[in-house]
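Residue numbers (the working numbering), protein chains in the order written: chain Z, 4 to 66; chain V, 1302 to 1682.
Check the hints yourself; a few may be wrong.
As the list claims (entries may be wrong) - A few chain V residues that don't get close to chain Z, going by computed Cβ distances all over 12 Å:
(1) E1322
(2) L1335
(3) F1402
(4) A1427
(5) R1439
(6) P1444
(7) Q1465
(8) A1466
(9) R1470
(10) E1476
(11) D1506
(12) A1575
(13) R1617
Said to hold, decoys possible - If you only want the chain V side, here are some residues facing chain Z, beta carbon under 7 Å, derived:
(14) A1459
(15) V1599
(16) L1603
If you are wondering where the hints come from, they were derived from the structure by calculation, not from laboratory data.
Yeah, the Cβ is synthetic: ideal placement off N, Cα and C, and Gly gets one too.
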Amino acid sequence: MPEFSKQLERLEAIVRRLEAEDLDLDEALKLFEEGVERLRAAREQLAQAELKVKKVLEIESPS
Amino acid sequence: MGQSLDLFAAASAEGAWTVAEVTRRARAVIEAGLPPLWVRGEIAGFKAWRSGHWYFSLRDKSAQLRCVMFAKQNFMLPAPTDGMQVFVFARPTLYEDKGDFQLTVMELLSTEQGGLWKLAFEKAKAALTKDGLLDPARKRRLPPFPRRIAVVTSPDGAALRDIQAVLARRWPIAELIVVPAQVQGAKAEASVCSALNRISRLPVDVLVVARGGGSVEDLWAFNSERVARAVAAMPMPVISAIGHETDVTLCDLVADLRAPTPSAAAEAATPDRAEVRIKCDVLGQRLARALRIASKHVVERLDRTGDRLVSSIQNRIERSGALLTAHSARLDALSPLRVLGRGYAVARDADGKILKRVAQLPSGKEFRLRVSDGEVDARVQ
């Protein structure tokens, strides 16, 4: 799953474009669908309940 | 309790004391009779040995005392300089190897403004300033939605617990990477530097360096120039939360953000999940509305296009009508009937041939004459 901030940035860009530009219905629909998908993914990430904690000793090598 | 000293007791068969016995006894007397005490004086002949031990004299106008401060006592202290007025808390003793009366110093405080710490702090701060490391323009912005948050702190301190609690509440989307370090004591400086070095190679979005409150000695590692430089060199933004709000350390000064407490550092590092949820809801609403508006635009455009189509056809029809009228007017003007209407007549022979000249009309010739409303038979006389 993409990084949350990227997800949200893309969603904002989509909304701005939909709001500002006079788009073909086809294109508007495509953007809308992507926006809905990004929103769903973002909400899913937000729903994550538990904080993951790692001690650095467990991840010696940079990933 | 003091040891009794019998100066007249023979210490050897010859009736004389050995040097070692005298010094040993004298040391015992001194240590028994002079408990650890605070002494005030001026530093002179200061010398730090490679072993880490410090040797110097304390003096005033009329006397001086040899002093030693061992590495295990002074490791956290900035070195004093000759001429400095200090207080020492020391145990008077006798150094038997040399027979010197001396003070074993356990604590050393400068009487000057802020003491030794202040002095060392200002010195390091000046060095950092000179290298531009305290320039406000260096401060980086914190990432709005961090994915990985690293923390350098004591693995079992309250600071880590506080940070973890705040992150779990506000932004559990992130991954917390704990890099344990010794945050006080002789190894703290090296331990913190090595933790920082390790993190600098990890994909981390923001780093929190935290330590709970403590004495100026406890916070020493975070006032070390080495740690400050390591913090300044971190590739990601650093939030520093060292000690209480009133203690400003060098680490705080070079960090991109200084937080008053470890909890505050964790708050600064993260967005609030509840707020982000609201933000997402708003974006969802805008998305839906934008689509509605976009589709409305399309429908309107379709309508407009239809209107244009209709009106363009109408125009065309009207134009054709006008053309037709013009053409028929011209046709009408050319019609021979129209000429006849003005009083002219056409003469034709029996074959319908038009008779235009006198030669075609000899006397007695019969012909037909076409006038505006019909034909009549006629004859030339």
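Against the structure, the hints:
1. E1322: 56 Å, holds
2. L1335: Consistent with the label, L1335 (chain V) stays out of reach of chain Z, its closest Cβ about 50 Å off (over 12 Å).
3. F1402: 51 Å, holds
4. A1427: Fine: 33 Å to the nearest Cβ keeps A1427 (chain V) off the interface.
5. R1439: 23 Å, holds
6. P1444: With a cut-off of 12 Å, P1444 (chain V) comes too close to chain Z, as the shortest Cβ separation is near 7 Å.
7. Q1465: Check fails; 7 Å does not lie beyond 12 Å.
8. A1466: 9 Å, violated
9. R1470: 9 Å, violated
10. E1476: 5 Å, violated
11. D1506: 9 Å, violated
12. A1575: Non-interface label fails for A1575 (chain V): nearest chain Z Cβ at 9 Å, not farther than 12 Å.
13. R1617: 29 Å, holds
14. A1459: 16 Å, violated
15. V1599: Holds: closest Cβ of chain Z sits about 4 Å from V1599 (chain V), inside 7 Å.
16. L1603: 9 Å, violated
In terms of the numbered hints stated before, the structure departs from hints 6, 7, 8, 9, 10, 11, 12, 14 and 16, listed from lowest to highest.
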